[in-house]
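There are 2 protein chains.
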Amino acid sequence: MIHVFKGLKNVEKYFLINILYIERRMYEEYKQVIVVRSDLKMSKGKLAVQVAHASVDAVLKAINDKEWSTWVNKWVEQGMKKIVVRVENEERLLDIYNKCVSNKLPCSIIRDAGRTELPPGTLTAVGIGPAPSDLIDMISGDLPLL
Amino acid sequence: MIHVFKGLKNVEKYFLINILYIERRMYEEYKQVIVVRSDLKMSKGKLAVQVAHASVDAVLKAINDKEWSTWVNKWVEQGMKKIVVRVENEERLLDIYNKCVSNKLPCSIIRDAGRTELPPGTLTAVGIGPAPSDLIDMISGDLPLL
Numbered sequence: 341m342i343h344v345f346k347g348l349k350n351v352e353k354y355f356l357i358n359i360l361y362i363e364r365r366m367y368e369e370y371k372q373v374i375v376v377r378s379d380l381k382m383s384k385g386k387l388a389v390q391v392a393h394a395s396v397d398a399v400l401k402a403i404n405d406k407e408w409s410t411w412v413n414k415w416v417e418q419g420m421k422k423i424v425v426r427v428e429n430e431e432r433l434l435d436i437y438n439k440c441v442s443n444k445l446p447c448s449i450i451r452d453a454g455r456t457e458l459p460p461g462t463l464t465a466v467g468i469g470p471a472p473s474d475l476i477d478m479i480s481g482d483l484p485l486l
Numbered sequence: 341m342i343h344v345f346k347g348l349k350n351v352e353k354y355f356l357i358n359i360l361y362i363e364r365r366m367y368e369e370y371k372q373v374i375v376v377r378s379d380l381k382m383s384k385g386k387l388a389v390q391v392a393h394a395s396v397d398a399v400l401k402a403i404n405d406k407e408w409s410t411w412v413n414k415w416v417e418q419g420m421k422k423i424v425v426r427v428e429n430e431e432r433l434l435d436i437y438n439k440c441v442s443n444k445l446p447c448s449i450i451r452d453a454g455r456t457e458l459p460p461g462t463l464t465a466v467g468i469g470p471a472p473s474d475l476i477d478m479i480s481g482d483l484p485l486l
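Note that the protein sequences, when read in sequence, are chains A and B. The first sequence maps to residues 341 to 486 in the numbering used here. The second sequence maps to residues 341 to 486 in the numbering used here.
These are computed hints drawn from the structure, not numbers from a lab. Be a bit skeptical, because a hint or two may be false.
Each pair may be met inside one copy or between any two copies, as identical chains are not told apart.
[Claimed, not checked] List time: in silico DSSO-like cross-link candidates among lysine-lysine, alpha-carbon distance up to 30 Å:
id	residue 1	residue 2
1	K439	K406
2	K439	K381
3	K381	K401
Next comes chain A alone, as it looks inside the complex (with noise of 0.2 Å):
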């Protein structure tokens, strides 16, 4: 990227320079990252389930705030990008909640009932986003896919 600003005056280079930021803000890829535990016992539909929750309620809370409902609307117009990941345990899985707080990424932690398949109060699953890819990508975007 740098040879281009070879040979230009500096007010060049500052115009170039803008119209880069303009164009990665327009072109900025938003999605919504959820991360399950991989060591819980769960049948497919109550993953489902787990995933769903993560995603409505982290969306609902993004809505309700004026920063991130903008991300919410780009997230719909680029078709609503969800990825599910996985973690080995629930230390992993509230570490990563933490750090979404800490970044101030709109997120939701889900703790199941316990009516059906786990223990009452068990943590399943943590919604991230919706929000730009390389701010989620700085927390989640070492874990593999489900």
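For chain A, the structure is supplied; the task is to place chain B on it using the hints.
Okay, now just chain B, sitting in the frame of chain A:
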């Protein structure tokens, strides 16, 4: 229930009926049902994403409608009950969706972009509600759990 009316005057019957009606409205159960096709070969991650797509999309539609948005609020207050059920093919999925539209229930049908496991344009899931449980059960009450 009828025996409680015995010996009551008409005006007393009238008040009793109204109290029962109000009580029923106060304790009305709200839920969301997500219908998925059982004839598609989807990984559990793919399936969970389709369920979340249908769930979020139906919620977003409901939020933007005056009557439906009160249903969303009540559903959230009650803990956002979600149930995943199945149909055997696309025809049955479309049939369910059309019944929801005819019955003026918030609903959403999910068409997969087909970038990964499915052919492009595959219909995968229908989200019904949030809505009063008895209205949803009139459409999907006989469908088996996933």
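For this structure, which hints from the list above don't hold up? none
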